[in-house]
Amino acid sequence: MNGNGRRKKIFQSDMASYAMILAAYLAAELFLRSGAAGSLFKGLLVPLCIYSIMALSLNLVVGISGELSLGHAGFMCIGAFSSASFSMLMKGQGLPNGLCLFLAIVIGALSAAVFGFLIGIPVLRLKGDYLAIVTLAFGEIIKNLINALYFGVDERGAHFSLKDGAALKLAGGGRIIIKGAQGITGTPKLSNFTVGIILLLLSLFLVLRLMNSRTGRAIAAVRDNRIAAESIGLDAARLKLLAFTISAAIAGAAGVLYAHNLSSLQALPKNFGYNQSIMILVFVVLGGIGNMRGSVIAAVLLTLLPELLRSLNDYRMLIYAVVLILMMLFTSSPSFLSFRRELLLRLRGRGKDGREVS
Amino acid sequence: MAVLKAEALGISFGGLKAVDDFHIEIEKRELYGLIGPNGAGKTTIFNLLTGVYRPESGRILLDGENIAGKSCVEINQRGIARTFQNIRLFHQLSVLDNVKAGFYHHFPYSLLDAVLHTPRYFRQEKEMDKRAEELLSVFELSEVSDCRAGNLPYGKQRKLEIARALATGPKLLLLDEPAAGMNPNETEELMGTIRLVRDRFDMTILLIEHDMKLVSGICDRLTVLNFGQVLKQGETAEVLHDPEVVKAYLGE
Numbered sequence: 001m002n003g004n005g006r007r008k009k010i011f012q013s014d015m016a017s018y019a020m021i022l023a024a025y026l027a028a029e030l031f032l033r034s035g036a037a038g039s040l041f042k043g044l045l046v047p048l049c050i051y052s053i054m055a056l057s058l059n060l061v062v063g064i065s066g067e068l069s070l071g072h073a074g075f076m077c078i079g080a081f082s083s084a085s086f087s088m089l090m091k092g093q094g095l096p097n098g099l100c101l102f103l104a105i106v107i108g109a110l111s112a113a114v115f116g117f118l119i120g121i122p123v124l125r126l127k128g129d130y131l132a133i134v135t136l137a138f139g140e141i142i143k144n145l146i147n148a149l150y151f152g153v154d155e156r157g158a159h160f161s162l163k164d165g166a167a168l169k170l171a172g173g174g175r176i177i178i179k180g181a182q183g184i185t186g187t188p189k190l191s192n193f194t195v196g197i198i199l200l201l202l203s204l205f206l207v208l209r210l211m212n213s214r215t216g217r218a219i220a221a222v223r224d225n226r227i228a229a230e231s232i233g234l235d236a237a238r239l240k241l242l243a244f245t246i247s248a249a250i251a252g253a254a255g256v257l258y259a260h261n262l263s264s265l266q267a268l269p270k271n272f273g274y275n276q277s278i279m280i281l282v283f284v285v286l287g288g289i290g291n292m293r294g295s296v297i298a299a300v301l302l303t304l305l306p307e308l309l310r311s312l313n314d315y316r317m318l319i320y321a322v323v324l325i326l327m328m329l330f331t332s333s334p335s336f337l338s339f340r341r342e343l344l345l346r347l348r349g350r351g352k353d354g355r356e357v358s
Numbered sequence: 001m002a003v004l005k006a007e008a009l010g011i012s013f014g015g016l017k018a019v020d021d022f023h024i025e026i027e028k029r030e031l032y033g034l035i036g037p038n039g040a041g042k043t044t045i046f047n048l049l050t051g052v053y054r055p056e057s058g059r060i061l062l063d064g065e066n067i068a069g070k071s072c073v074e075i076n077q078r079g080i081a082r083t084f085q086n087i088r089l090f091h092q093l094s095v096l097d098n099v100k101a102g103f104y105h106h107f108p109y110s111l112l113d114a115v116l117h118t119p120r121y122f123r124q125e126k127e128m129d130k131r132a133e134e135l136l137s138v139f140e141l142s143e144v145s146d147c148r149a150g151n152l153p154y155g156k157q158r159k160l161e162i163a164r165a166l167a168t169g170p171k172l173l174l175l176d177e178p179a180a181g182m183n184p185n186e187t188e189e190l191m192g193t194i195r196l197v198r199d200r201f202d203m204t205i206l207l208i209e210h211d212m213k214l215v216s217g218i219c220d221r222l223t224v225l226n227f228g229q230v231l232k233q234g235e236t237a238e239v240l241h242d243p244e245v246v247k248a249y250l251g252e
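First to last, the sequence lines map onto chains A and B.
Residue 328 in this note's numbering sits at position 328 of the first sequence, and the numbers go up by one each step.
Residue 122 in this note's numbering sits at position 122 of the second sequence, and the numbers go up by one each step.
In isolation and in its complexed conformation, chain A is listed as follows:
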C-alpha cells in the first residue's frame, strides 16, 4: 500500500467515527422530537457527551502517550469552576449566550491546560508510574481546595479566602461567586446536547489529527520505547508533556459543558472525585486503549446501561458487571480480536493485508 492509500484508509476510518456520532445525534434528536422521550433520557444526553469527551481525553494520555492518570476528573473540575466563575461574572453584562459559552470553553480548557502543564513539568521527566500517583493526589486536592475556597468580586477587584465568606471583606454591591462547599449557584444553563456533540466532534477531530501527525507518531514512539526514542532525537519529556497538556485542556472543556448544564455547581466526590476518574479509566480500558472510537462507544454504553436497567433494581449491578466482562473480552481477547478481524475482512470481501496498527 502506498502513502496515499494509507492516508485514505485513515481518512475513511476517521470519517466513520464522525458519522457514527452524527448518526447517534440525529437518532437522539428524532427521538426527542417525537415526544416519546422521558425526562430521564433528556437529562442523560449532555452527560453522555461529557463522558465521551473525558474518555477521549484520558485515552490520549493512557493510549497514545502510555502514561496513567488517575485524577482526570480534577481537570474537569478546574474547567468547570474556572468557566462557571467567568460566566457568573459575565451574567447581566449583555454578552450573547453563544459568545459567553465559547469564551467559557476557551477559559475552562486553558485553565485546565495550565494545571496539566505545571503538573507535567516535574512528573513527566521521571520514568515509571509517578504520573498516576501525582494525578491521584491532584484530583483529591483540587476537589478539597475548591470546597474550601471563597471567591468574590466587588468594585475593588477579586477577593479570595479559604476561611469563609465574611473574610472576603467585600464592599457593598460585591458578589460572592464561589461559596466554599456550596460551590457556585445560579450558573447560566448554556450547554445543550447540540453544543455537547459539537464539542465531542471537535475533541475527536483534534485527537485523531494529532495521532496521525509527526507529533503523534513521536509521542507513540516514546510510549513504545523511551530510550530508543531519545536515541533518534525525540525529546521524551517534552512530547509527553505536550500530550498531557492537550489532554488536560480537553478534560477542562468537558468540565465547562458540565458546569453549564446544571444551575448549581459543587465539587463533590460524586462528580469530580476519585471514583469519577476511575470510571473514565474504565471507559478507556473497555473501549480499547488507544482506540478513540471505542472510548466513545464504551462511555455511551456504560453511562446508558445503569439507567436503562434501573427497573431491574437488584439485578442492575449484576448485569452491569457481566457487560463489563463481555466488553473486556470483546476488545482485548486475542481469539475474539482475530475473529472480529476476519469477520470484517469477509464483510468487506477483501484479502488479508496484515495491517494491524492500534
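A couple of the hints might just be wrong.
To be verified - Derived DSS-like pairs (lysine-lysine); straight-line CA-CA distance at most 25 Å:
hint : chain 1 : residue 1 : chain 2 : residue 2
1    : A       : 9         : B       : 130
2    : B       : 130       : A       : 8
3    : B       : 126       : A       : 8
4    : A       : 127       : B       : 70
5    : A       : 9         : B       : 126
6    : A       : 42        : A       : 189
No lab work stands behind these hints: they were computed from the structure.
We have chain A already, so just place chain B on it with the hints.
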C-alpha cells in the same frame, strides 16, 4: 579531519573505573570495530558517545565539535545514531512509522498544520513516505512496511533498527552487536547490509561485535578493549594476530 575523535574518555560507577583513558579516531567512510571480552566496557563507550552517560573526563569531537556532556537528543541531532544490543523498536507502530519517527526533525510541520491538514502537511508527509519507502527498500523491508514492527522476525527487526537510525541522517552510525542472535546465514547477509550502508550512504560506522567472522570480514580497523582500557588499536588483520589480544580475548 576525523569524523569522530575521542580523547581521554573516562567514567566510573561507584569505585569501578568502567572506562579509563579511552581514545579513538575514526575517518570518514570507515568501518571500525570495537571488540573485547564481556564487561570490557564496549557498550559503556557507546553510551558515553551517545550521551546516555555523561563522561567524567575527556572530550568527544564530532567533526571537530566537542559533544561531551550533551544529552542523547542533542547528540543525535548533531549526527550520531545508534542501534541497541537488545533490539529497541517502537513495537506497536508500523514498520514504516518506525522509520518516519526518525524523520521527526527533518520535516518540521507544526501541530497546527497537522490539525488543519494544510498543503504543508501533505507535502511533507508525502515526501516523508517517499524517503521512508526508499530506505526500507534498501533493507528489503518494503513488503512488510505496513506490519507492526513487533511482529517482524528477528533479522528484519535488526535491519529496521538500522534503517530507523539512518532516517535521522547521521554522520556516524553506532551498531551494538548487530549479529547477536543471528545464524551464520543471517550474519552473512548482515555483512552485506552493513557494507551497503557504508557505500550507499557514505556512512562512517563504529560497531561492537563478538562474531569474529563478521569483524574480520568487514572492519577496516579495530580497537580492542579490556577492563575498560584500550589494549590494542590498528588494522584488523594486524590486531587479530597480536599475541596480547589473542591472550586476552580470543584464547590461545
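Outcome of the hint check:
Between residue 9 of chain A and residue 130 of chain B the CA atoms are separated by roughly 18 Å; this keeps the pair inside 25 Å, and the hint holds. The suggested pairing of residue 130 of chain B with residue 8 of chain A holds, with an alpha-carbon distance near 16 Å, which does not exceed 25 Å. With a CA separation close to 13 Å, the supplied pair residue 126 of chain B and residue 8 of chain A stays within the 25 Å bound. Proposed proximity of residue 127 of chain A and residue 70 of chain B is supported: the alpha carbons are some 20 Å apart, at most 25 Å.
Restraint check: the Cα-Cα separation between residue 9 of chain A and residue 126 of chain B comes to about 15 Å, which is no more than 25 Å; the hinted pair holds. Note on residue 42 of chain A and residue 189 of chain A: the hinted pairing holds, with a Cα-Cα distance of about 14 Å set against a maximum of 25 Å.
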